[in-house]
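Engineer: From just these sequences and the hints, can you work out the full model?
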Amino acid sequence: MEYAIETFSLTKIFSDWWGRTKVYAVDNLDLQIRPNEVFGLLGPNGSGKTTTLKMLLGLLHPTKGKALLLGGEGSDPKINCRIGFLPEESYLYRYLNARETLDFYGRLFGLPPKVRKMRIEALLDMVGLKAVANRAVGTFSKGMARRIGLAQALINDPDLLILDEPTTGLDPIGTRQIKDLVLKLAERGKTILLCSHLLADVEDVCDRIAILYGGKIQTQGHVRELLQQTNKRQITTDAISDTAVEKIKQIVHDENAECEVTSPMDKLETFFIRTVTAAQQLAQPTSGAVSTTKLGDFLTQHEAVESILDKLVSAPISKQASGEIPATEKVAAAESASPKADEQLLSKLTSSVAPSESKAVTREEKIKTEPVESQTRRQEQVREDILDKLIGGSKDKTEKPQAGDSGDA
Amino acid sequence: MRSIWAVAINTIKQALRIKVAVVFTILLAVLLPVLGITTTGDETLKGRLQTFVSYALSLMSFLLCLLTIIVSIYSVTSDIEQRQIYTVITKPIRRFQFIMGKLLGVIALNVILLVLFSAVIYTITIYMPKFIKASDDELIEANNEFFTARASLTVPEVDVTKEVTDRYTELDRKGELPANVSREEIKSQLTKQAQLAKRAAGVGHVLLWEFNNVKPLAKSLFIRFKYDVSVTPPDSQVWGRWFAGDYQFFKYGTQSKTPIYDEVHKNSVRDFHEIEIPAEVVPEHGHLAVAFMNVSSLNSVAIIFPPDGLEVLYKADSFTSNFIRAVLLVLCRLIFLACLGVLAASFLSFPVAILFCFVIFFTASFSGFVLESFSFLSKDIGAVYSYSIKWLIQLLPQFDKFNPTKFLVPARLISWSLLAKCAVFMVCIKAFLVLIFSLIIFSYREIAKITV
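Chains Y and G are the protein sequences, given in the same order.
According to the numbering used here, the residues represented by the first sequence are 17 to 425, in order.
According to the numbering used here, the residues represented by the second sequence are 17 to 468, in order.
Simulated from the structure, these hints should not be mistaken for lab results.
Bear in mind that the values here come from a model prediction, so they are computed numbers and not experimental data.
Beta carbons are placed, not taken as given, at the ideal position from N, Cα and C, and that holds for glycine.
Take these hints with a grain of salt, some might be off.
One side of the interface only, derived from the structure: several residues of chain Y facing chain G at Cβ under 10 Å [unchecked claim]:
| hint | residue |
| --- | --- |
| 1 | Asp92 |
| 2 | Asn96 |
| 3 | Val292 |
Just the calculated beta-carbon pair ranges, DEER-fashion [to be verified]:
| hint | chain 1 | residue 1 | chain 2 | residue 2 | range |
| --- | --- | --- | --- | --- | --- |
| 4 | G | Leu47 | Y | Glu137 | 43 to 49 Å |
| 5 | G | Thr379 | Y | Arg36 | 34 to 40 Å |
| 6 | Y | Glu219 | G | Phe112 | 39 to 45 Å |
| 7 | Y | Arg36 | G | Phe112 | 29 to 35 Å |
| 8 | Y | Asp46 | G | Leu32 | 46 to 52 Å |
| 9 | G | Val39 | Y | Ala295 | 40 to 46 Å |
| 10 | Y | Asp46 | G | Val39 | 41 to 47 Å |
| 11 | G | Leu155 | Y | Arg151 | 18 to 24 Å |
| 12 | G | Trp21 | Y | Arg36 | 41 to 47 Å |
| 13 | G | Phe112 | Y | Arg151 | 30 to 36 Å |
| 14 | Y | Asp46 | G | Phe112 | 31 to 37 Å |
Structural biologist: Set out below in structure tokens:
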């Protein structure tokens with residue numbers, strides 16, 4: 017089986033001027049990411065996540081080992097055609113406006129003018145920047161720049177999407193959108209490598225995760241397997257009478273177990289999105305990014321565009337895309353849908369889009385073999401302290417973007 | 017190719033929108049007309065024109081050189097330092113294509129600005145006679161000595177090796193060789209003496225020069241000369257009787273079909289002067305003789321012509337086409353600088369790269385002087401010099417040798433062969449080598465910064 021991303025004892029040593037070893041930024045990293053997988057690379061600041069990505073993409077030369085992307089080198093243009101990359105910050109040409117920016121990247125892919133134009137408009141629509149498309153990118157807030165960065169990564173309809181901290185600087189709706197987009201793309205058969213220390217984001221979308229520390233993988237595995245508390249059960253019901261609750265308590269008591277009854281809280285994210293959506297429906301003016309419901313439009317319109325143009329333009333990208341879409345959709349349709357907790361909200365938000373299935377469940381069934389048995393065994397002891405550190409380290413980061421971004425919306 | 021072009025367009029947009037190009041453009045747009053009005057030269061029309069073209073062309077060339085250096089370096093280093101290159105280089109574009117795109121953008125920008133401003137300079141120059149309402153005399157002078165492109169025929173240094181050897185042997189035989197002086201030094205002294213004798217006309221003596229393939233386009237040709245004298249006369253002026261005509265007539269006394277020019281002129285010493293000769297004196301076969309006579313009744317001193325002291329000038333092309341070639345010379349220079357800027361930017365940060373390029377630029381502007389001083393200083397370490405520094409210095413482009421104002425001011429012809437020579441040496445060899453270096457460096461360097 018060919019992996020979408022595979023590294024062979026990838027090592028990066030940063031030396032000082034005299035060539036003396038200073039830091040092992042990445043230390044003998046063996047990473048295997050399967051096609052059509054959403055993989056999360058986690059780790060505290062300076063754990064080697066970004067360095068790994070840079071080596072994958074050929075921006076840094078590995079000191080030792082090598083990395084293969086889609087079966088080739090990351091610096092090979094043929095491979096680059098099928099990759100979308102969003103760096104840790106959206107490094108954009110400040111003097112170009114949003115539309116020109118996307119046009120520039122589209123030209124680099126040699127997209128024919130018609131396709132380029134359609135994709136640009138669809139992407140601008142999707143990231144909610146259509147209204148400000150003619151403003152210089154340099155005047156954008158961080159969150160808006162992030163949206164353009166994301167659009168830029170998607171302009172070639174990539175098979176492999178590498179996202180470095182995709183949600184930093186985005187408002188909660190933008191964050192939610194990116195998460196939905198990731199799921200949606202996974203559904204279309206794309207592979208996604210996500211680098212983040214915002215644990216909530218990773219938890220929501222990733223099939224598998226690896227936690228890096230000191231340039232080494234400390235643990236990796238399926239998110240559900242790693243997080244499920246097998247010694248506890250949770251029951252969610254509609255509003256039932258107190259007597260019914262008492263009965264349940266009695267049953268639980270008979271099983272010699274403890275039981276706690278509360279009303280479930282809305283997540284703050286859900287509440288926030290509901291409030292902003294209400295304001296948007298009243299058409300209150302904003303100079304910032306508009307949160308659209310057009311998430312899926314890019315993808316659906318995309319397919320239509322491609323099927324027409326396939327005949328006209330036999331670009332390699334479109335061939336792959338049109339070849340893979342029907343297959344994955346069949347798989348998705350055949351599998352039973354098991355909506356997640358946020359699913360109802362999502363379908364409300366993105367009314368034009370069919371609710372996305374929980375890919376975590378479906379794809380786990382497809383992929384049986386798991387080469388990380390040894391790591392999962394020691395994960396219990398390791399995980400506790402790493403997570404503590406992770407949360408401690410990333411606290412400021414998680415709060416900052418939201419505070420800074422309140423001006424956007 | 018499409019990706020190269022995308023990068024090129026982006027580079028042009030960058031140069032325009034970060035206002036570097038705009039600042040330079042405004043500067044030139046203001047300065048050129050101001051120069052046109054304020055330059056007066058020696059108050060004659062020709063003087064005005066010469067001063068204006070010299071200043072305007074040098075200013076344009078200098079500012080565009082600065083612009084080229086700055087833009088070519090900035091557009092590469094800013095992409096690396098502000099990291100836009102992360103998203104560009106991970107697209108299907110090879111690194112050499114990225115550099116080529118940047119280069120193409122800078123050169124395209126240069127071509128646009130160069131065409132624009134040389135058009136401005138040309139227009140001002142052409143309309144200046146009307147603007148200052150010049151008199152007819154001045155117009156004729158300007159037409160003959162400025163609005164033209166004159167080819168120049170010079171006299172080669174006479175070969176005196178045999179004479180020197182004979183003289184040396186004679187001195188040696190007589191035992192009159194000075195002691196403590198090396199053979200080489202004596203020989204060089206003797207050579208100088210012999211050559212001086214060939215260029216000197218004692219009182220009552222005649223000097224004769226021959227020129228081949230003289231094909232004048234206009235009605236007249238010009239003898240340009242400078243006198244040196246053994247003793248400066250009281251009014252610093254000497255007389256000279258000038259002849260010009262069929263060489264066969266002068267040498268062998270055969271009958272000449274063409275008239276012979278014969279006039280006496282009085283000119284100041286140690287200055288360049290020109291005398292106009294009707295083109296009809298040139299025989300059909302183009303074999304022209306020019307003779308100078310130091311008339312004994314008028315002068316009392318020997319007259320010497322310095323090594324570059326005599327040439328025959330004749331119109332070989334129009335001012336317009338000469339001007340175009342002058343602009344192309346500037347373009348060659350800009351292309352080299354663009355390649356140099358890209359090379360510096362491929363491994364240096366912005367300020368260091370700028371410094372590096374400026375040093376090269378100014379050194380190249382005085383390349384003749386630099387080359388000479390190096391070969392003089394390194395006399396004693398000949399072997400080391402010729403195998404190391406010499407090659408590096410040879411890589412330096414010779415901006416001063418191909419300086420367009422040097423040709424336009426005295427209305428000298430910039431021949432196509434000169435332009436081709438400049439293009440081959442400066443662009444095809446030197447700029448190309450520089451470009452290859454930068455492509456190699458850029459292809460193998462790490463793009464990303466180290467961040468842990």
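Engineer: Hint by hint, note whether the structure agrees.
Structural biologist: Cross-check of the supplied hints:
| no. | hint | verdict |
| --- | --- | --- |
| 1 | Asp92 | holds, 9 Å |
| 2 | Asn96 | holds, 4 Å |
| 3 | Val292 | violated, 29 Å |
| 4 | G/Leu47 x Y/Glu137: 43 to 49 Å | holds, 45 Å |
| 5 | G/Thr379 x Y/Arg36: 34 to 40 Å | holds, 37 Å |
| 6 | Y/Glu219 x G/Phe112: 39 to 45 Å | holds, 43 Å |
| 7 | Y/Arg36 x G/Phe112: 29 to 35 Å | holds, 33 Å |
| 8 | Y/Asp46 x G/Leu32: 46 to 52 Å | holds, 49 Å |
| 9 | G/Val39 x Y/Ala295: 40 to 46 Å | holds, 45 Å |
| 10 | Y/Asp46 x G/Val39: 41 to 47 Å | violated, 54 Å |
| 11 | G/Leu155 x Y/Arg151: 18 to 24 Å | violated, 57 Å |
| 12 | G/Trp21 x Y/Arg36: 41 to 47 Å | holds, 45 Å |
| 13 | G/Phe112 x Y/Arg151: 30 to 36 Å | holds, 34 Å |
| 14 | Y/Asp46 x G/Phe112: 31 to 37 Å | holds, 32 Å |
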